[in-house]
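Let the sequences and hints guide you as you build the complete structure.
If you're matching them up, the sequences are chains G and Z in order. Sequential numbering from 1 applies to the first sequence in the working numbering. Sequential numbering from 1001 applies to the second sequence in the working numbering.
Please note: incorrect hints may appear among the correct ones.
[Said to hold, decoys possible] Under the rule of at most 25 angstroms between Cα atoms (straight-line distance), these lysine-lysine pairs were calculated in the DSS-like manner: (1) G:K97 x Z:K1301; (2) Z:K1213 x G:K134; (3) G:K104 x Z:K1305; (4) G:K112 x Z:K1267; (5) G:K97 x G:K112; (6) G:K97 x Z:K1305; (7) Z:K1219 x G:K78; (8) G:K108 x Z:K1219; (9) G:K134 x G:K112; (10) Z:K1213 x Z:K1111; (11) G:K134 x Z:K1267; (12) G:K125 x G:K108; (13) Z:K1213 x G:K104; (14) G:K97 x G:K125.
What the hints contain is simulated information worked out from the structure, not anything from laboratory work.
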Amino acid sequence: MSTNKIEIKNLTVQYAEKNKQFTALHDVNFNVSQGEFVSIVGASGCGKSTLLSVLEGIYQNFQGEILIDGHPLEGTGKERGVVFQHYSLFPWMTTRKNIAFGIKQVRKNLSKTERLKIADEFLEKVGLGDFGNKYPSQLSGGMQQRAAIARALAMDTDILLMDEPFSAIDPKNRVILQELLLKLWEGTGDTPETRKTVVFVTHDIDEAILLSDRIVVLTSHPGTVSEIVAVPFARPRNRSELVQTLEYNKFRNKLLSLFYDDITNKIGGEEVVL
Amino acid sequence: MKINIKDYLFRLAHLLFIGLIVVQFLPDQSGGDSYSNYLIGFAVAAEILTLALTAFISKKESRNLFLDIVGFIYAFLILWTLATSKLNLLNPSLFPPFGKILAQFGTDWQKILINIKSSVGIILQGFLLACAVAVPLGLFLGWAARAGNAATYLSKFFSSIPPIVYIPYGIALLPTFRSVSVFVIFLASFWPVFAGTMSGVLNVDKRIMDSAKVLNVSKPELLFQVILPASLPQIFLGCNQGLSVSFILLTSAEMIGARDGMGYYVKYYSDFGDYTRTITGLLVIGIVVIGVTFLFNLFQKRLLKWR
Ligand SMILES: Nc1ncnc2c1ncn2[C@@H]1O[C@H](COP(=O)(O)OP(=O)(O)O)[C@@H](O)[C@H]1O
Ligand SMILES: [Mg+2]
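Below, the structure is given as structure tokens:
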């Protein structure tokens, strides 16, 4: 039996533009179970970030209902940790200070040394053990995202919200980071009850398949859910083994066709950049 | 590391040093320069210092830059010597031999020190007071965005008034020259620091603010651990502006009504036609301004080392 961690009911978001309304999301409905890893995929501009900013609690002027653990969502909350594509970390704090600062927000009773100790543990976990005293500007984009993930995990929130955390990373490092996240997330628990619930935005199909339990495909203008696909591969997953299987490639093609059909229908067969 | 002798010794700067010394021994046109020993002493000391320092500067670009600057100074002194005592091209009362200026440092250094202390004291007092008021005020007003927007326009108006015109009003308002100067410098640095702080606060990257929001940081933490450090670069821009205006303002004010200070020193002796001391005063002001700015930049670099 699975319980709903996040419920999204009839979510519509309209941005006010010069004297007219722009519908970014229209009547979006889906649930995320406790301990589930759900990816949101869709073309650029289809409303993925909008959806996530609603879940983050940053964008509050939406229509519809969002329930977290059965309670209506009210702004930002300590049960949700966030990793953005850029600027998750504060540039004026070293990485360990950044993580300790995050921990302080959820666990006020810890002393400064205890917070820094936890920060160092998580830096070690993401392979940044020697970089605790560096400022974000001294790290590569990939290292910055490692630190941001370390902070989100160190805060030990029930829910992780990630908006294209790896999109700005070069392909080689992106694969490494995907595998790291997979390992860390699968390591948060053996059963859904103990695992963290993740909503992960990406426009990379392979990334979505590797990481997710289910994939929500959004179509654009207005953003609506076109399909929700369960990923049929057992965990723990191993990237290099998985991508060689016939099943993987069949599944991948199926998703891709879903993706392209939608876009080519909408704009009439022009070349599309995902 | 192998030290390349050529890199250190056969440099234009050092050749110019030798040139400078040689020039001192050319025959005088202007009836004897009894001060050339001072210049020789100064040049030798500068050269020894240069040699010692270049040994410590490991980066080639920095070393070249340093030597180029020294080279320019030597070249300037050579030209000065030639134009004054050696060829007598310039009016000797307006353009004293450089050695005479150096000698003046020797005889006047105590007086100069007192004047520096007076000037720098006033600047620091007015400037630091301005920062202490402007930064918190800008922080709070910028945070209350609506008030901040209004205040931005007001600060534009007030900062457009050249601060020197506050002086007569200050004199009517306050009893001593010192208090007038502090007041005027306070006003002059207040507006740029205030405007810098507010524009910093109003322009914090939205992504950084979002990051703070999703962490649920408390209000005081948001203000002092997020908004303040994020605005620091802009705050420092305002501070630098305030500091340089302060120097202009104070030295001008000192030339009008002071009994102390570097501006006073320059004005007082130029009234007597003592241009050796006038030039000495100018050089001292340059050195003091560079020194204070340098220290302030060190402080700034420290606080902004994360950039
Ligand atoms: N604050 C905003 N005001 C107006 N329009 C916006 C705003 N944010 C996003 N949009 C528009 O809404 C659409 C969805 O944007 P976004 O959620 O960022 O898409 P995605 O993350 O999938 O690329 C885009 O067309 C974008 O231009
Ligand atoms: Mg986006």
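- Structure versus earlier hints - violations, ascending order: Structure breaks hints 4, 10, 11.
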